[in-house]
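Enquirer: According to this note's numbering, the residues represented by the sequence shown are 314 to 485, in order.
Don't take each hint at face value.
What the hints assert, rightly or not - Straight-line C-alpha distance at most 25 Å; calculated PhoX-like pairs for lysine-lysine: (1) Lys-457 with Lys-425; (2) Lys-365 with Lys-425; (3) Lys-403 with Lys-418; (4) Lys-454 with Lys-481; (5) Lys-418 with Lys-457; (6) Lys-418 with Lys-462; (7) Lys-481 with Lys-457; (8) Lys-442 with Lys-425; (9) Lys-407 with Lys-442; (10) Lys-437 with Lys-425; (11) Lys-481 with Lys-418; (12) Lys-481 with Lys-403; (13) Lys-484 with Lys-442; (14) Lys-481 with Lys-437; (15) Lys-484 with Lys-454; (16) Lys-371 with Lys-331; (17) Lys-484 with Lys-457; (18) Lys-457 with Lys-403; (19) Lys-407 with Lys-418; (20) Lys-462 with Lys-425; (21) Lys-484 with Lys-331; (22) Lys-437 with Lys-371; (23) Lys-462 with Lys-437; (24) Lys-481 with Lys-365; (25) Lys-403 with Lys-425; (26) Lys-462 with Lys-484; (27) Lys-365 with Lys-457; (28) Lys-484 with Lys-425; (29) Lys-331 with Lys-425; (30) Lys-371 with Lys-454; (31) Lys-437 with Lys-484; (32) Lys-403 with Lys-371; (33) Lys-331 with Lys-462; (34) Lys-454 with Lys-425; (35) Lys-407 with Lys-454; (36) Lys-365 with Lys-442; (37) Lys-407 with Lys-457.
As the list claims (entries may be wrong) - Label pairs and their calculated CB-CB ranges: (38) Gly-344 with Ala-438: 42 to 48 Å; (39) Asn-441 with Thr-353: 17 to 23 Å; (40) Ala-342 with Trp-453: 44 to 50 Å.
Treat the hints as calculated values from the structure; they're not laboratory data. For each residue, glycine too, the CB sits at the ideal point set by N, CA and C.
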Amino acid sequence: MNQWNTINNSSTRFISAKAVGNAVHYTMANGQTWVKEGGTKAWRHTNPGNMKSTTFTKRAGAIGTGVEETYYTNERGSHYAVFPDWDTGKRAIKTLLLSPSYRDKDIRGVVKRYAPTASGEVNKAYVNKLQVCTGESCRWKTVKDFSEKELSDLIDGIIDMEGYRSGKVYKL
């Protein structure tokens with residue numbers, strides 16, 4: 314993550330990205346192309362929440378879309394947002410959680426909408442992880458009632474559940 318932020322925080326930033334096989338090619342304003350290869354989807358897409366590509370994620374700063382297999386169905390064709398850096402991706406999770414679609418939900422409701430299982434049931438392991446991360450006091454609170462620390466802990470729990478393992482970074 315640090316190497317990536319150093320590259321992206323130079324005098325020019327990433328402006329677009331596209332998935333190519335098990336890699337994502339990021340293009341900078343000066344025409345340079347950098348590649349993230351291997352690792353997890355969250356790492357390749359600089360998308361800590363594995364958020365799907367939508368109008369929302371584009372407004373939140375996504376610079377591209379990657380096509381990946383989905384975890385539960387093993388289908389090709391799930392389109393995930395590609396963010397220019399980790400902080401932009403993390404801010405997108407926070408913005409989403411505070412949006413009308415999530416702010417009135419408790420942790421169970423968040424998980425049911427954010428990470429549904431193929432059968433449509435609530436992912437109990439995901440719920441348990443987020444409840445451990447946020448503490449007992451958040452068990453029945455709605456997101457809008459979380460303190461900044463509780464919200465940060467919720468986001469960190471989501472990131473942990475979505476998985477993160479780095480791969481290789483190189484310049485084309």
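Enquirer: Decide, hint by hint, whether the structure agrees.
Expert: Hints and how they fare:
About 17 Å separates the Cα atoms of Lys-457 and Lys-425, which keeps this hinted pair within 25 Å; it holds. For the proposed pair Lys-365 and Lys-425, the alpha carbon gap of about 15 Å is at most 25 Å, so the pair holds. For the hint linking Lys-403 to Lys-418, the alpha-carbon distance of about 19 Å falls within 25 Å, and the restraint holds. Between Lys-454 and Lys-481, the direct Cα distance comes to roughly 40 Å. Violation of the 25 Å bound is thereby established for this hinted pair.
Our distance criterion of 25 Å between C-alpha atoms is met by Lys-418 and Lys-457, whose separation comes to about 8 Å. A C-alpha spacing of about 17 Å is found between Lys-418 and Lys-462, which places the hinted pair at or below 25 Å, so the restraint holds. Between the alpha carbons of Lys-481 and Lys-457 the distance comes to roughly 38 Å, so the proposed pair goes past 25 Å and is violated. For a cut-off of 25 Å, the pair hint linking Lys-442 to Lys-425 stands: about 14 Å separates their Cα positions.
The suggested pairing of Lys-407 with Lys-442 holds, with an alpha-carbon distance near 18 Å, which does not exceed 25 Å. Distance check on the hinted pair: Lys-437 and Lys-425 sit about 9 Å apart at the alpha-carbon level, within 25 Å; holds. Restraint check for Lys-481 and Lys-418: not satisfied, since their Cα atoms lie roughly 38 Å apart, outside the 25 Å limit. A distance of roughly 21 Å separates the Cα atoms of Lys-481 and Lys-403; the hinted pair therefore holds under the 25 Å criterion.
In summary, the hint linking Lys-484 to Lys-442 is not supported, as the alpha carbons are separated by about 37 Å, beyond the 25 Å threshold. A distance of roughly 33 Å separates the Cα atoms of Lys-481 and Lys-437; the hinted pair therefore is violated under the 25 Å criterion. A C-alpha spacing of about 46 Å is found between Lys-484 and Lys-454, which places the hinted pair above 25 Å, so the restraint is violated. Distance hint between Lys-371 and Lys-331 is fulfilled; the C-alpha atoms sit about 14 Å from each other, no more than 25 Å.
With a C-alpha separation of about 42 Å, the suggested pairing of Lys-484 with Lys-457 is violated against the 25 Å cut-off. Of the pairs offered as hints, the one joining Lys-457 and Lys-403 holds, with about 18 Å between alpha carbons and a cut-off of 25 Å not exceeded. Distance check on the hinted pair: Lys-407 and Lys-418 sit about 14 Å apart at the alpha-carbon level, within 25 Å; holds. A C-alpha spacing of about 22 Å is found between Lys-462 and Lys-425, which places the hinted pair at or below 25 Å, so the restraint holds.
Using a Cα cut-off of 25 Å, the hinted pair Lys-484 and Lys-331 holds, with the two alpha carbons roughly 15 Å apart. Taking the CA atoms of Lys-437 and Lys-371, the gap is about 30 Å. The hint is violated against a cut of 25 Å. Distance check on the hinted pair: Lys-462 and Lys-437 sit about 23 Å apart at the alpha-carbon level, within 25 Å; holds. Restraint check: the Cα-Cα separation between Lys-481 and Lys-365 comes to about 23 Å, which is no more than 25 Å; the hinted pair holds.
Of the pairs offered as hints, the one joining Lys-403 and Lys-425 holds, with about 20 Å between alpha carbons and a cut-off of 25 Å not exceeded. For the suggested pair Lys-462 and Lys-484, the alpha carbons sit about 37 Å apart, so the restraint of at most 25 Å is broken. A threshold of 25 Å between alpha carbons decides the hint, and for Lys-365 with Lys-457 the separation of about 23 Å falls inside it, so the pair holds. Of the supplied pair hints, the one linking Lys-484 and Lys-425 is violated, its CA atoms being roughly 39 Å apart against a limit of 25 Å.
Proximity of Lys-331 to Lys-425 is assessed by CA-CA distance (about 29 Å); at most 25 Å being required, the pair is judged violated. Taken as a hint, the Lys-371 and Lys-454 pair is broken in the structure, with Cα atoms around 29 Å apart against an allowance of 25 Å. This hinted pair does not check out: Lys-437 and Lys-484 have alpha carbons roughly 41 Å apart, beyond 25 Å. Among the hinted pairs, Lys-403 with Lys-371 is consistent with the structure: their alpha-carbon atoms are about 14 Å apart, no more than 25 Å.
Simply put, Lys-331 and Lys-462 have alpha-carbon atoms about 34 Å apart, too far for the 25 Å limit, and the pair is violated. Using a Cα cut-off of 25 Å, the hinted pair Lys-454 and Lys-425 holds, with the two alpha carbons roughly 15 Å apart. This hinted pair checks out: Lys-407 and Lys-454 have alpha carbons roughly 16 Å apart, not beyond 25 Å. The hinted pair formed by Lys-365 and Lys-442 meets the criterion: a straight-line CA distance of about 21 Å does not exceed 25 Å.
Of the pairs offered as hints, the one joining Lys-407 and Lys-457 holds, with about 11 Å between alpha carbons and a cut-off of 25 Å not exceeded. Taking the beta carbon of each, Gly-344 and Ala-438 are about 44 Å apart, inside 42 to 48 Å as hinted. A hinted range of 17 to 23 Å for the beta carbons of Asn-441 and Thr-353 is consistent with their spacing of about 21 Å. Between Ala-342 and Trp-453 the Cβ separation comes to about 47 Å, which falls inside the hinted range of 44 to 50 Å.
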